[in-house]
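Visitor: Take a look at the letters that make up each chain.
Protein chains: 2
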Amino acid sequence: MSYIYSNIIGSFILGDDFRIVTKQLFKTVKNYQDREKAEKTLLKKYPKSKTVPKEKIAAILELFKDSEYYSKFYQNNILLTKQLVRNSVNTDNLILQTISNIDDLDKTTNILVKRLRSWYSLTFPELEKNLNNHEKFAELVATKSRKELLKELKLKDEDIMGAELEKVDLEEIKLLATNVHQLYILRDKHEEYLKTLMEEHCPNLLEIAGVTIGAKLFEHAKSLRRLALLPSSTIQLLGAEKALFRHIKTGAKSPKYGVLFTHPLVQKARPKQKGMIARTLASKISIAVRVDFFRGKPIGKKLREELESRFGR
Amino acid sequence: MSYIYSNIIGSFILGDDFRIVTKQLFKTVKNYQDREKAEKTLLKKYPKSKTVPKEKIAAILELFKDSEYYSKFYQNNILLTKQLVRNSVNTDNLILQTISNIDDLDKTTNILVKRLRSWYSLTFPELEKNLNNHEKFAELVATKSRKELLKELKLKDEDIMGAELEKVDLEEIKLLATNVHQLYILRDKHEEYLKTLMEEHCPNLLEIAGVTIGAKLFEHAKSLRRLALLPSSTIQLLGAEKALFRHIKTGAKSPKYGVLFTHPLVQKARPKQKGMIARTLASKISIAVRVDFFRGKPIGKKLREELESRFGR
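For the protein sequence lines, the chains are A and B, in the order given. Mapping the first sequence onto my numbering, position 44 (from 1) lands on 44, and the numbers just tick up by one. Mapping the second sequence onto my numbering, position 221 (from 1) lands on 1221, and the numbers just tick up by one.
Keep in mind that the hints were calculated from the coordinates and are not lab data. One or more of the hints may lead you astray.
[Said to hold, decoys possible] Taking lysine to aspartate or glutamate and the EDC-like style, the derived pairs with C-alpha atoms no more than 16 Å apart in a straight line are:
{"id": "1", "chain 1": "A", "residue 1": "K82", "chain 2": "B", "residue 2": "D1159"}
{"id": "2", "chain 1": "A", "residue 1": "K189", "chain 2": "A", "residue 2": "E152"}
{"id": "3", "chain 1": "B", "residue 1": "K1107", "chain 2": "A", "residue 2": "D106"}
{"id": "4", "chain 1": "B", "residue 1": "K1147", "chain 2": "B", "residue 2": "D1159"}
{"id": "5", "chain 1": "B", "residue 1": "K1048", "chain 2": "B", "residue 2": "E1068"}
{"id": "6", "chain 1": "B", "residue 1": "K1082", "chain 2": "A", "residue 2": "E219"}
{"id": "7", "chain 1": "A", "residue 1": "K107", "chain 2": "B", "residue 2": "D1104"}
{"id": "8", "chain 1": "B", "residue 1": "K1136", "chain 2": "B", "residue 2": "E1148"}
{"id": "9", "chain 1": "B", "residue 1": "K1082", "chain 2": "A", "residue 2": "D159"}
{"id": "10", "chain 1": "B", "residue 1": "K1082", "chain 2": "A", "residue 2": "E164"}
{"id": "11", "chain 1": "A", "residue 1": "K82", "chain 2": "B", "residue 2": "E1126"}
{"id": "12", "chain 1": "A", "residue 1": "K129", "chain 2": "A", "residue 2": "D106"}
{"id": "13", "chain 1": "B", "residue 1": "K1114", "chain 2": "A", "residue 2": "E148"}
{"id": "14", "chain 1": "B", "residue 1": "K1189", "chain 2": "A", "residue 2": "E171"}
Please put together the full structure from these sequences, using the hints given.
Guide: Quick look at the structure:
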């Protein structure tokens, strides 16, 4: 009677008494992944070897506390764990980090651009009043002189209520503007990159929900797998957790949509229809996400066209 | 009997009946500021003119509703107001904006660098663990390749638990790192600039309190004038408002210091002495700020030396 047993340092044939009879040690952790090869070689010599019964495994592991094996056992274990952790990094992680960073950038540029507006108003309050677009504001202050801006707004110098600052003072404001402008550019690049990731990872979701809503759904579910496993009714309410629990606790009206609220189809529907459209949209998204997860044939375009023909585009 | 009267469009001699006898109109708003000149010329002709009694002014203003004067009156008024607003922008404003922006930058870079750390950990978690300095972290990720970083930390590739990302994925992280690094540089520049402003505007405060504490005191008081008018006991407690009101409302212990707590002299004092030192420090700061506001002879260095000789440096 003999047993065959493999662990991360090698494959072994064990005798009746569960002592090692013969062995084939692995050179690298990679070999462990191809352990069947080593096992085959051993089985040629001991063709009737059985696998080890479960209750014996603890006892067998004691063998490897022997100094001959222990340090290798320990090292390989760490290497293997590292490899597994490494390989667990996937597109899901990249997408989530990018989405979170876009959120962070929105938050931070908003803080900084407000400071910029208030600071630059010391010298040119009229620009602040006439230009609501934050991104454009940062760009103009970063790239244009006061004179050029006056010309653009068709104002003369004496119309301006702001003080003429010294060059060194203006320079600090421009530095801030340049940095804020760069952050806006970074945000755009991230969004472009996010789209590329999604085109590869979840093209059908992207097709039907768009980058922003697709990303938000993703963020709520944390991974494509979990998103694919959610029932469509849950997808319909992702992002409406607060209203949902209020409904459950106090009997207030149940929410009809969460992040789907901003989808164009829901947006332009009449109030009474919004709930129904959100429900249908969620069911189509649910299908799209499952096709994405199981790498099925592209279906997003067809789903989107169905929706559009039913509810108008 | 005749009266002399000036407003923003000119100087006038008024008759007994308060009608205009003769006038000298101003060409620009600038002339209004030199109105004494025009008045002198008029007084040569009408040497006995008196100023207008207060109760008549409302009636006289009615004269200028006449179409001959009205539009000029209106325009000059606006121009003058704009000029006054312009001139109200002073170093106080610049200092306050710079301080607030440094605060904003601290807040925002902190958000972004945390995102960077978590994102970069997908590919190189060991760097995140070994390097606590946020600024250095951003700089390294922005400027060094993974290989160079491995060398620096004396690690081999297989020691790393992070995944090897594609170049395009790494590129996005590096873009973020570059921007965060730039924000740190901007913050340093702002601090340098703030110091220059304070050296000119409140050198004595700067000498005795340093940039950070000086700026915080400034931020609480909103202007040098108000800071100079504060009693030293208030300066001692600036930044401790919460504790002070808790003391007043609930009878809890009264606070001994606000932003002064971080001053080196208070920091290294024994606990029992901290309150007393904060009190003395506040009184010296109060003197320094008043000298700053009234543009007196430099006294900061002397005050600082007195403090240091008394409490050790």
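Visitor: Going back to the hint list, which numbers does this structure go against?
Guide: 2, 5, 6, 12 and 13
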